[in-house]
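From first to last, the protein sequence lines are chains A and S. With the first letter of the first sequence counted as 1, position 226 gets the number 226 in the working numbering; the numbers rise by one all the way through. With the first letter of the second sequence counted as 1, position 107 gets the number 107 in the working numbering; the numbers rise by one all the way through.
Simulated from the structure, these hints should not be mistaken for lab results. Incorrect hints may appear among the rest.
Derived DSS-like pairs (lysine-lysine); straight-line CA-CA distance at most 25 Å [as the list claims (entries may be wrong)]:
1) S:43 x A:168
2) S:55 x S:119
3) S:126 x A:135
From chain S, some residues computed to sit far from chain A (all C-beta separations above 10 Å) [as the list claims (entries may be wrong)]:
4) 10
5) 41
6) 81
No residue lacks a Cβ here, since even glycine has one placed at the ideal position from N, Cα and C.
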Amino acid sequence: MIITVTPNPAIDKMYWVDRLKMGRVVREEFLTRAIRSDTSAGGKGINISIFLARMGVENVAMGFVGGHTGHVVVRDLREEGVTTNFVWVNGETRTNVTVLERERAHSPILIDEEGSPVSQEEISYFLRRYKRMLKRATWVVLAGSLPPKVDADLYRVLAEMATEAGAKVVVSARGNALTHALRAVPYLVKPDTREHLSIEGAPLTTRSKIIAAGRRIIETGVRILVVSHEVTGDIVITRDTIWEIKARVKTTQFKNLVGADDVLLGGILYMMDKGEDLEEALRFGMAAGILSAESDKKICQNMEKIEEEMAHISLERI
Amino acid sequence: MKVHQIMTKDLTSMEKNAPVRGLIFTLDNAEMSNMPIVDEEGKLIGFISEKDLIKAALPGYFEMLHSTSFIPDMNQLVKKLAQIADDPIEKYMQHDVICVEEDDDDLQAADLIIRKDLKSLPVIDKDGRLVGVVKRIDLLRHLL
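Just chain A, with the same shape it has in the complex:
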């Protein structure tokens, strides 16, 4: 069974507008009307859970939820067929807002809340539940930011517990949370590159810097490192091989990049869980991610279209 942990989930509120109007005074001409809007459960692990459930893979989503928005997250997941196992906490699950402007090629404007703090008592309660779930786990995905005031070491603790229980660990995080998680030597690591690309504090601005930093991580025992280098290109490093995955698509076709990165990781995991080889898993993951970016929907899972999209994905050894 696959378990995803999203310590800081969110409601993703998306607005599609022609152009965001800004003015000094409140007048009708400065009012931006949304052409469309969408509300859904979000957070990196949750996006992966939803993708897997849509692909028919049983999985359990864990983390912390609270308040009215917490209920929206849980309800959304259940409707998607994901098994929920969240710890309820004081405070409100955060809301992240994305505005997509049609006149600016759907470039996103992102407003992310920090989230509500989680107490040590709530963490302890979560750890007991997590330990129980590990007895059924084959893969554990630790993904996204940590709530405020939570020790940056949490992912290391969770990763070590999962490895000890015999599960393979996937980490998609950034900053201190990622640095600490690397000490537990996860199976697969995908640095979260939404803000700036860095691993263990080192900014990664070029392909050669990514490869050099990636090799150092692989030497510690991490089996697979996936780094998003460009919107349509990732670098994948293993002990034996370095690949560059490229999608031959026009970025002007992209309508919604929110969650595409998570779908990519979900696609890789889906294939590896089925026992497919890594090259095929990478191609499938990239195709699923690109398809999601090309769609208005946050998570696109049409198997037929993913397979069609795979024809546009190339995998080159560096």
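With chain A's structure known, arrange chain S on it following the hints.
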């Protein structure tokens, strides 16, 4: 149809040594009216409802309901609840749990919920581990 096709796939549960205070917090925030109790393996070992907590705080209350239609002494209820707040759930939970297996027929779950006047029914797998709950609303949604 099988139970696993209609159940709510939620594993919210507590351990028997958790305090009543924590149970009330989770029941309130998760909007649940009862809670499955599991062991370290995730196996279902008990069940506790809001009704069990009220019984624990005011033992004679449910008997009195036959003759009166109000809580006889609210202060007494508050005081008693405060007294049991740090007690382990185990002290008040039901040990004989009514439950169904995930591959049982939905009819069996419906029969138990109606006959035993339950708001929800825990669902277990072949190894006795909690895998979800069937709520009254799951049955109604399914029947529609």
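Now for the hints, and whether the structure bears them out:
no. : hint          : in the structure
1   : S:43 x A:168  : holds, 24 Å
2   : S:55 x S:119  : holds, 17 Å
3   : S:126 x A:135 : holds, 15 Å
4   : 10            : violated, 5 Å
5   : 41            : violated, 6 Å
6   : 81            : holds, 20 Å
The structure shown violates the earlier hints numbered 4 and 5.
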